[in-house]
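Q: This is what each chain is made of:
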Amino acid sequence: MCFTQNFWNLVVSGLADGFLYALIAIGYTLVYGVLQLINFAHSEVFMSGGFASYFILNAAIGTSQPHGIGSLAFLALGTVGGGLGGALVAFLLERVAYRPLRRRNAPRLAFLISAIGASYFIYNIAGKEFGRNALEIPSPFTNGPVFSIFGATVQTYYVVIAVSAVIMLVLVDRVVAMTRLGKGIRAVAQDAETASLMGVNIDRVISQTFIIGGILGGAAGFLFGLNAGVVYTMGFTPALKAFTAAVLGGIGNIRGAMIGGLLLGIVENLGVACTQASWRDVVAFGILVLVLLVRPTGILGEQLGRAA
Amino acid sequence: MNRITLRLGAPIAAAAMALAGVGTAQAASGSVARASKPTYTIAYEGPLSGGNAQLGLNMKFAVQLAINQANSGTTFKKLPFKLKFLAEDDQGSATQSPAAAQAVINNSSVVAVVGPAFSGATKAAEPLYHAANLPTVSPSATAPALATQGWNNFFRVVADDNAQGPGDATYVVKKLGAKKIYTVDDASAYAVGLVQAFAKKAQQLGATVTHQEAPGTTQCQAGTGNVQQYGALATEIKSSGAPVTFYAGYYCDFALLAKALRADGYNGRLMSDDGSLDPHYVSEAGASVANGTLLSCACTNLGSSKTDTTFSSQFKKLAGFAVGTYSAEAYDATNTIIKAMAKVGSNVKRSALVTALHKVVYTGLTKTVHFQPNGNIAGSTVYLYQVKNGSIVELGPVSKLVG
Amino acid sequence: MTAAPRRGSALRRLWTSEDARRGFACVVGGLVLAVMTGPEGSSTAPTSGFTGSLFHARVIGFIVFGLVLWGLITVRRRYATQVRAFSDKVTAAPRRLLPDKRVRAVVYLAVLAFAIAYPATLNSFWQEVLVDQIGVYVLLAIGLNVVVGYAGLLDLGYIAFFAIGAYSAAYWTGALPIHPPFHLNPFYAIPLAIIAAMLAGVVLGAPTLRLRGDYLAIVTLGFGEIIQIVATNLQGVTGGAQGVIGIPHFSIHLLGIHYDWGINSLPYYYLLLGFVVLVLFGFHFLENSRVGRAWVAIREDEVAAESSGINVLKYKVMAFAIGASTSGFAGMLEASKISFVEPADLTVQLSILILVLVIFGGMGSLPGAVVGAAVLQWLPQYLRVHPLLGFQQQDIYIYLGALLVVMMIFRPEGIIPSRRRKREIGLAEHGVGHADALSGQSGPVA
Chain R
1 MCFTQNFWNL
11 VVSGLADGFL
21 YALIAIGYTL
31 VYGVLQLINF
41 AHSEVFMSGG
51 FASYFILNAA
61 IGTSQPHGIG
71 SLAFLALGTV
81 GGGLGGALVA
91 FLLERVAYRP
101 LRRRNAPRLA
111 FLISAIGASY
121 FIYNIAGKEF
131 GRNALEIPSP
141 FTNGPVFSIF
151 GATVQTYYVV
161 IAVSAVIMLV
171 LVDRVVAMTR
181 LGKGIRAVAQ
191 DAETASLMGV
201 NIDRVISQTF
211 IIGGILGGAA
221 GFLFGLNAGV
231 VYTMGFTPAL
241 KAFTAAVLGG
251 IGNIRGAMIG
261 GLLLGIVENL
271 GVACTQASWR
281 DVVAFGILVL
291 VLLVRPTGIL
301 GEQLGRAA
Chain E
1 MNRITLRLGA
11 PIAAAAMALA
21 GVGTAQAASG
31 SVARASKPTY
41 TIAYEGPLSG
51 GNAQLGLNMK
61 FAVQLAINQA
71 NSGTTFKKLP
81 FKLKFLAEDD
91 QGSATQSPAA
101 AQAVINNSSV
111 VAVVGPAFSG
121 ATKAAEPLYH
131 AANLPTVSPS
141 ATAPALATQG
151 WNNFFRVVAD
161 DNAQGPGDAT
171 YVVKKLGAKK
181 IYTVDDASAY
191 AVGLVQAFAK
201 KAQQLGATVT
211 HQEAPGTTQC
221 QAGTGNVQQY
231 GALATEIKSS
241 GAPVTFYAGY
251 YCDFALLAKA
261 LRADGYNGRL
271 MSDDGSLDPH
281 YVSEAGASVA
291 NGTLLSCACT
301 NLGSSKTDTT
311 FSSQFKKLAG
321 FAVGTYSAEA
331 YDATNTIIKA
341 MAKVGSNVKR
351 SALVTALHKV
361 VYTGLTKTVH
371 FQPNGNIAGS
381 TVYLYQVKNG
391 SIVELGPVSK
401 LVG
Chain W
1 MTAAPRRGSA
11 LRRLWTSEDA
21 RRGFACVVGG
31 LVLAVMTGPE
41 GSSTAPTSGF
51 TGSLFHARVI
61 GFIVFGLVLW
71 GLITVRRRYA
81 TQVRAFSDKV
91 TAAPRRLLPD
101 KRVRAVVYLA
111 VLAFAIAYPA
121 TLNSFWQEVL
131 VDQIGVYVLL
141 AIGLNVVVGY
151 AGLLDLGYIA
161 FFAIGAYSAA
171 YWTGALPIHP
181 PFHLNPFYAI
191 PLAIIAAMLA
201 GVVLGAPTLR
211 LRGDYLAIVT
221 LGFGEIIQIV
231 ATNLQGVTGG
241 AQGVIGIPHF
251 SIHLLGIHYD
261 WGINSLPYYY
271 LLLGFVVLVL
281 FGFHFLENSR
291 VGRAWVAIRE
301 DEVAAESSGI
311 NVLKYKVMAF
321 AIGASTSGFA
331 GMLEASKISF
341 VEPADLTVQL
351 SILILVLVIF
361 GGMGSLPGAV
371 VGAAVLQWLP
381 QYLRVHPLLG
391 FQQQDIYIYL
401 GALLVVMMIF
411 RPEGIIPSRR
421 RKREIGLAEH
431 GVGHADALSG
441 QSGPVA
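Chains as they are written, first to last, in the working numbering: chain R, 1 to 308; chain E, 1 to 403; chain W, 1 to 446.
Honestly, the hints are just simulated from the structure, not real lab data.
Be careful, since some hints might not be right.
Calculated Cβ distances over 12 Å to all of chain W for the following chain R residues [stated by the list, open to error]:
| id | residue |
| --- | --- |
| 1 | PRO107 |
| 2 | LEU292 |
| 3 | LEU293 |
Selected chain R positions facing chain W (Cβ under 8 Å, derived; list incomplete) [as the list claims (entries may be wrong)]:
| id | residue |
| --- | --- |
| 4 | PHE7 |
| 5 | THR63 |
| 6 | HIS67 |
| 7 | LEU101 |
| 8 | ALA106 |
| 9 | LEU109 |
| 10 | LEU112 |
| 11 | ILE113 |
| 12 | SER114 |
| 13 | ILE116 |
| 14 | ASP173 |
| 15 | VAL175 |
| 16 | ASP281 |
Since we're looking at a predicted model, the values are computed, not measured.
Here a beta-carbon is modelled for each residue, glycine too, at the ideal position from N, C-alpha and C.
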């Protein structure tokens with residue numbers, strides 16, 4: 001087979017991509033769970049996280065070369081900063097582009113279009129205010145090979161992505177499964193009307209859902225930007241892939257989004273080995289269409305309430 | 001030019017332009033304006049909105065800067081006319097470009113166009129410019145096909161893809177002695193042509209070429225791309241064992257690829273083209289990654305010379321951001337036009353300017369501009385550069401280096 | 001509300017008062033507008049754009065604007081009955097007359113006469129805009145209107161069919177690297193381009209239209225991407241990233257008449273106008289036929305439609321294919337007009353733009369699609385010639401994005417709504433029916 005030669009190398013780089021997809025995909029899946037809506041503007045939540053962490057780290061690191069414990073501190077700072085930036089934008093997004101429509105019980109197409117509008121507005125205004133060139137996030141660590149596994153080199157950057165993503169994914173999984181907040185989210189996802197009759201404040205739960213998705217999406221924006229830099233148009237493609245991942249795993253299902261993300265990342269990278277790098281998106285979307293045709297509910301099924 | 005002259009120059013230029021404006025207004029209303037120079041417009045067509053806006057803005061402000069300087073008399077002495085600037089947005093798109101071109105053509109004071117910036121937009125708009133006999137000097141359209149359509153009003157100050165590729169291949173095979181070469185292009189019209197020309201020559205010289213196409217990423221080329229694809233690609237390149245990797249594309253993506261390759265432990269030589277000949281490549285990849293990288297260009301880079309630093313600082317003052325890809329080319333294109341206009345005299349007609357541009361010789365920031373009959377730049381000597389200690393230094397023309 | 005102040009009942013009353021909140025929203029809107037129209041920032045001075053627009057005298061104008069807007073809204077709400085009575089009185093005559101077939105025919109003829117006579121008086125820039133930016137997009141919007149407006153299906157890869165039409169045109173006229181068995185005049189290539197796009201629509205639609213609406217959206221989005229990538233990568237077939245140059249212009253060589261459409265826009269405008277009128281007639285009859293009624297039934301309640309014996313899948317595929325073929329037709333015309341096509345132009349953003357045109361005009365409404373496309377495509381060009389309030393070309397998508405959000409909040413039915421659609425949205429807002437085919441099994445949003 002074409003991918004057997006570098007199999008483990010490709011799996012490693014695929015996992016790195018996959019963790020990012022998973023983090024973004026959670027935002028889609030949570031919102032889909034409670035609203036049955038594709039949050040089309042989630043790409044801009046991702047972008048905002050990248051920018052927030054850029055400005056924070058630029059001020060904090062400057063031209064110094066952090067190492068050791070300093071690296072860890074700056075990484076944490078960047079992740080938190082990105083998460084907060086993403087959460088803020090997600091919160092405002094829900095307030096401005098979704099809530100007025102929800103009040104009116106508008107048709108679903110209206111939400112989708114309002115989200116597309118919000119997305120265009122946000123990323124273009126970011127370009128206007130912060131410049132349209134790609135910006136380098138000052139690196140909190142020096143990248144290079146750390147260790148190898150099955151002959152595949154693992155870089156520092158991959159380790160950073162994997163560790164931070166795993167921490168966040170486990171946290172969000174536990175939060176949704178165990179806390180009061182999570183209970184509210186699951187209740188609204190299962191049956192909003194009943195939940196509201198039972199005294200759940202739906203508005204608040206929806207706001208919180210957007211914020212959780214925003215934190216993960218924003219943090220992903222930071223992790224992504226660490227290597228590739230941030231720019232106002234950076235959200236579109238990763239978000240599209242993450243959405244694919246969410247559908248792949250079963251939209252509305254948190255663990256599904258995680259598995260879908262990782263799977264998509266790996267398959268995409270193996271696909272590159274078999275075709276050309278330029279066919280990568282075709283591979284990804286080809287998989288999506290196949291999955292939808294064969295198993296439209298995704299790998300793990302759809303219900304947020306049931307699976308989590 | 002120092003700061004003081006600029007400070008003085010700008011208001012004077014503004015006043016002069018206002019006067020000139022009054023002059024033409026009077027002329028239009030029938031009275032004879034004595035001693036006031038005629039005003040001509042140099043237009044710029046390129047993307048000012050949409051995903052490629054930044055590339056377009058890089059050029060737009062360079063054109064504007066050249067025009068301001070010409071009006072204030074710093075770059076050209078005693079021009080027999082005043083210049084105005086007009087920018088038209090085509091979003092870099094072939095479907096938007098004819099309308100933008102038509103807007104330029106209809107403005108009767110326009111005598112020349114800097115642009116269109118993109119090859120596709122040029123292909124769609126050039127028939128209109130040709131019909132209007134309006135000269136266009138593109139700072140960035142590199143598609144070879146543009147010079148073969150019989151448009152005598154078409155010029156460009158960049159070498160087309162066929163000039164650079166063979167020179168690069170000669171150097172890699174003959175001087176570096178590489179038998180296996182890995183080539184990557186970013187799927188842009190520019191890079192695809194370049195990499196093909198490169199591969200053809202390299203194979204002629206007996207090397208084997210493995211090729212991958214990797215579309216530019218979203219961070220670098222909006223809306224066109226993949227995400228972080230370079231991890232997998234780096235693995236492929238490393239395991240191919242090729243001692244030289246040649247990248248056709250722009251600095252932004254090249255920096256990402258270079259980082260991925262080095263992080264993966266690839267030790268081979270990296271090489272790229274004029275799209276990557278940009279200090280941003282070094283700053284984005286980091287000096288430790290970029291050191292040793294070979295870059296080529298059918299241009300001599302005056303990167304460290306005095307003219308260039310004043311150009312950079314004044315550009316920044318005007319635009320609010322630093323010079324970027326194709327800024328210097330746009331600046332040269334504009335000055336080439338102005339020089340040709342000066343040759344024509346005070347009564348500049350579009351058709352006369354076409355003829356003058358065919359003859360003009362102008363030494364600019366990036367190269368000495370002189371056009372072949374088909375509009376391509378003449379004398380396409382390919383120069384080689386290398387990143388040493390975090391800065392780009394010139395090695396010399398390829399023909400000499402190969403010996 | 002988490003931010004509600006605990007102390008000070010006056011403050012709380014102010015915050016909970018609808019009026020005060022509306023006023024707050026209006027002023028914030030004014031400030032956002034101030035930032036939108038304000039100066040640019042940069043990466044080194046990320047706040048300079050904000051401070052330059054908010055801590056500057058001009059902000060007062062925008063705050064005043066917000067307050068005036070608030071005043072207008074408040075007055076309008078307070079005197080809602082009077083306002084309605086007044087607007088009823090003003091629109092009484094048109095509303096009485098418009099349903100009359102003869103009156104409508106006269107109106108349409110007058111519009112057509114205007115569309116024929118007026119462009120000849122414009123300068124060549126506007127003629128160019130009329131063809132490249134308005135005419136082609138009107139055709140695209142009418143086509144997408146069938147998919148989104150009539151059948152309620154969300155297609156986010158609409159431009160893919162445009163690409164297929166354009167490349168078919170290039171193929172049959174011999175401009176591609178691969179050559180057809182015989183070269184055709186662009187006129188004869190029209191039906192072939194339409195058929196190619198329609199086939200693509202059926203092939204994509206037949207399996208995917210079984211899926212729920214959201215999935216369809218994402219599959220079409222992916223399809224759009226795939227077509228663009230394929231056009232870029234298959235160099236030997238499509239000419240790759242460099243595009244295809246030299247697609248011939250339309251020409252007639254019949255019975256001794258020789259006419260070439262050439263590079264001027266006006267002849268293309270009339271050609272396009274003719275085709276648009278034909279398509280409009282066709283879609284108008286379709287809308288009121290059995291097929292059109294089936295679409296309405298599917299859109300309003302798919303389950304009910306299915307159970308009353310409508311072959312839902314068949315009608316969905318039909319709508320999808322008709323939309324696709326219109327897009328292919330438009331692509332074919334555009335390719336021949338500018339005699340060039342390149343993959344870089346066929347972006348997802350363009351698909352979304354066309355969707356915006358349809359929604360702005362009014363989904364399901366033919367006049368809406370035409371007017372929406374014409375107005376939204378005309379406006380940026382107008383602003384580029386006459387910049388207002390420091391408008392800059394690179395900010396156009398900020399305005400379009402904001403416009404979409406505001407439209408969805410205040411006027412989701414579009415500027416010229418179809419009556420049926422308006423009623424459906426009203427019904428959906430009261431919890432009856434769906435108003436689009438996106439929902440599948442699940443009900444309206446919580």
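Q: Of the numbered hints stated earlier in the document, which are not met by this structure?
A: 1, 2, 3, 4, 5, 6, 14 and 15
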